[in-house]
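J.: These are the residues of each chain, in order.
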Amino acid sequence: MNDILLQAECLKKHFLLPGLGTLKAVDGIDLALYRGETLGLVGESGCGKSTVGRTLVGLYEPTEGTVRYRGRDTATLTGSARRDFVRSAQMIFQDPYASLDPRMTVGDIVAEGIDIHRLCRGRERTERVLELLALVGLGRNHADRYAHEFSGGQRQRVGIARALAVDPSILVCDEPISALDVSIQAQVVNLLASLQERLDLTYLFISHDLGMVRYISNRVAVMYLGRIVEHAPTETLYTEPLHPYTRALLSAVPLPDPDRERDRQRILLAGDVPSPIDPPPGCAFFSRCPEASAHCKESSPSLKDLGGGHFVACVSR
Amino acid sequence: MTAMNTPLTTTASSEDCLLAVRNLRVDFTTYGGTVRAVRDISFHLNRGECMAIVGESGCGKSVTALSILKLIPMPPGKMSGSILFKGTDLVSLSEREMNRIRGREIGMVFQDPMTSLNPTMPIGQQVEEILAQHTPLSGKERRRQALDILRLVDIPEAERRYGQYPHAFSGGMRQRVLIAMAIACRPSLLIADEPTTALDVTIQAQILELVVSLRKSLGTTVLLITHDLGVVAKMADRIAVFYAGQIVETGECRDIFRNPAHPYTQALLSSIPRIDATRATKLASIAGTPPDLFSPPRGCAFFARCTKAMRVCATLPPPPLQRAKGQVASCWLHHSLAEARQKTVPEGAERQ
Ligand SMILES: Nc1ncnc2c1ncn2[C@@H]1O[C@H](COP(=O)(O)OP(=O)(O)OP(=O)(O)O)[C@@H](O)[C@H]1O
Ligand SMILES: Nc1ncnc2c1ncn2[C@@H]1O[C@H](COP(=O)(O)OP(=O)(O)OP(=O)(O)O)[C@@H](O)[C@H]1O
Ligand code: SF4
Ligand SMILES: [Mg+2]
Ligand SMILES: [Mg+2]
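Going down the list, the sequences are from chains A and B. Offset between the first sequence (1-based) and our numbering: plus 13. Offset between the second sequence (1-based) and our numbering: plus 292.
Check before you lean on any hint, since a few could be wrong.
[Unchecked claim] Derived list of chain A stretches under chain B, where covered just means 3 residues or more per stretch with a C-beta under 8 angstroms from a C-beta of chain B:
id, segment
1, 34-44
2, 79-86
3, 169-183
4, 270-281
[What the hints assert, rightly or not] Residues from chain A that keep clear of chain B, each with C-beta distances beyond 12 angstroms, as calculated:
id, residue
5, E57
6, T76
7, T118
8, R136
9, R138
10, T139
11, P267
No lab work stands behind these hints, which were simulated from the structure alone. Here the structure is a predicted model, which is why all the values come from computation and not from measurement. Every residue, glycine too, gets a C-beta built ideally from N, C-alpha and C.
Construct the complete structure from the given sequences, taking the supplied hints into account.
T.: This is the structure we're talking about:
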């Protein structure tokens with residue numbers, strides 16, 4: 014698993030908000046996606062997870078830093094190399110209700126990418142669409158129906174089929190299950206897992222469901238206010254979290270077990286997440302950190318390599 | 293069939309019982325037909341306890357909560373059954389009488405925090421309004437109490453925040469303000485509909501901790517609506533599991549997590565990966581989707597998705613059956629005859 018497919022180096026994505034300042038949605042992150050793995054990306058709402066995903070697949074242009082696809086800077090790709098990248102890195106969107114055009118049939122939604130990339134036509138196209146629908150557990154009879162007639166789980170399957178239509182190698186799954194009911198979530202996650210095995214896919218799995226992320230990911234990165242604060246193989250992260258934020262986050266998730274819930278030590282954080290508009294200097298977690306000291310305000314800590322693939326950005330670690 | 297007569301919930305003595313909902317039905321007339329949103333639900337709440345209603349989207353949780361306060365728009369809604377609150381049937385009260393109960397006797401935190409605050413009014417004044425409606429306090433007294441309540445729900449620098457508008461508050465702080473408004477008159481019942489769903493886990497933990505401490509300090513009875521089983525495990529004394537407009541199982545929180553009796557509850561509990569457990573081979577998943585409430589199925593609502601379904605389940609609705617002390621499940625598997633039949637009758641051969 015040493016083959017890096019997609020990589021971000023010092024990636025920044027800032028948004029200029031006239032009259033308000035600069036919103037630093039993503040503020041200098043490094044990450045690598047290895048072939049065939051699932052990298053989980055977690056963090057609170059607004060910390061920049063979707064922006065990372067969108068910038069990685071080329072939907073946003075980075076403000077600073079580089080995205081490398083198979084080692085090449087994507088900003089310099091042209092012609093067929095560029096098309097290959099655009100086709101290979103696909104995204105499944107956060108909201109299965111809003112991300113499908115209600116005026117199009119499911120068959121046409123799935124075929125859109127095939128048409129754009131001129132992959133096939135006519136009978137072959139129809140067959141490909143049916144094959145894709147079958148792959149995500151939908152039937153021939155679904156192809157001519159409209160997305161609004163479908164349940165949330167079915168829509169999410171359509172979104173997955175659409176992304177798979179162009180034969181991608183990388184899928185950014187942006188909260189693929191958060192709009193779904195608990196009983197449907199497992200269907201979609203099992204589907205993603207079996208597709209990964211069959212098609213040798215690489216996933217960036219963005220979610221705030223820490224239980225699901227543990228279940229599906231090989232490695233996990235934790236974001237806070239535009240930066241990665243900890244990054245480790247899944248088991249290490251969940252059993253030996255080091256960053257004070259990761260610890261608080263893991264301890265805040267209620268367990269579906271009344272006895273364990275009662276005896277649990279919880280790290281309660283005070284206060285709110287600071288605004289990403291002109292954030293304060295120093296560690297972004299400073300204002301809520303139970304372990305903060307005077308140093309933390311001075312400069313923002315960078316990721317330290319602790320060995321075994323475990324990285325943490327905290328001055329006291 | 294005697295089992296049919298088993299009461300759905302073990303009714304506690306009337307002093308302990310704060311709220312008893314009996315045979316509640318709510319229908320909505322729409323262009324597409326009649327939505328049977330709540331289909332004959334009965335449950336009760338004892339004084340001081342926290343009961344959680346769990347179930348997936350559209351199963352009737354919010355409609356049940358709104359019915360208790362008689363906030364269902366009628367038409368298109370139509371409501372029947374009885375709602376005994378401290379012995380009085382709310383269904384028979386006039387709108388004026390209901391207004392005295394809402395906010396004062398029963399406080400409610402609604403599902404959507406963004407729409408339930410008035411964006412054009414400072415938050416302190418919004419809390420004062422509630423006090424003005426329900427108490428004879430003077431203006432000065434009201435302000436003092438409103439401040440106290442904002443402090444009680446841990447709004448930092450309450451004096452300075454008092455005159456600010458909702459947009460200046462984060463999601464978590466808005467939820468605190470809404471809770472402040474709901475408890476301003478010290479109601480005996482607090483209904484909280486998904487109070488933390490829109491919030492991050494670390495903020496959610498702060499809000500849940502607040503509800504726990506309010507229960508301790510004010511003795512408030514809480515009806516908590518959520519789809520998060522983790523939140524239920526942390527907060528609830530008892531649970532009612534909803535499915536397609538009905539209660540499929542009720543019982544003590546621990547019993548339901550330990551020994552879920554209804555196949556839906558069982559499947560639900562095994563389909564969530566746990567943050568404290570390593571990767572299992574495959575997540576248990578429930579195939580299919582909940583039934584359409586325009587034409588709910590004749591038999592058990594879970595029939596089409598149930599792995600243990602028997603013939604009888606397709607045609608006859610299962611009665612509530614006592615499983616253990618205080619645990620009741622509406623499932624034919626717990627009928628005294630089912631066990632014997634299941635073993636001896638090959639699948640599909642059963643007739644009722
Ligand atoms: N196109 C944009 N223009 C301006 N600001 C944006 C834009 N996209 C995102 N932002 C801001 O950037 C920050 C990060 O947003 P992002 O959507 O990446 O967060 P997230 O971690 O995905 O959150 P969530 O969990 O709520 O989906 C937020 O403050 C958001 O308001
Ligand atoms: N005013 C209305 N008119 C028509 N149908 C309605 C109305 N209000 C609710 N319903 C329907 O009643 C059913 C129950 O809705 P309810 O809001 O109680 O679900 P819920 O369990 O709270 O779901 P969620 O978890 O999504 O909040 C749904 O099918 C809904 O579409
Ligand atoms: S760097 Fe400092 S403030 Fe940031 S998390 Fe570590 S100890 Fe806390
Ligand atoms: Mg997002
Ligand atoms: Mg609801």
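J.: Now look at each hint and say whether the structure bears it out.
T.: Going down the list of hints, with the structure as the test:
no.: 1; hint: 34-44; verdict: violated (count 0)
no.: 2; hint: 79-86; verdict: violated (count 0)
no.: 3; hint: 169-183; verdict: violated (count 0)
no.: 4; hint: 270-281; verdict: holds (count 7)
no.: 5; hint: E57; verdict: violated (4 angstroms)
no.: 6; hint: T76; verdict: holds (25 angstroms)
no.: 7; hint: T118; verdict: holds (20 angstroms)
no.: 8; hint: R136; verdict: holds (32 angstroms)
no.: 9; hint: R138; verdict: holds (29 angstroms)
no.: 10; hint: T139; verdict: holds (27 angstroms)
no.: 11; hint: P267; verdict: violated (3 angstroms)
Consistency note: the structure conflicts with the earlier hints numbered 1, 2, 3, 5 and 11.
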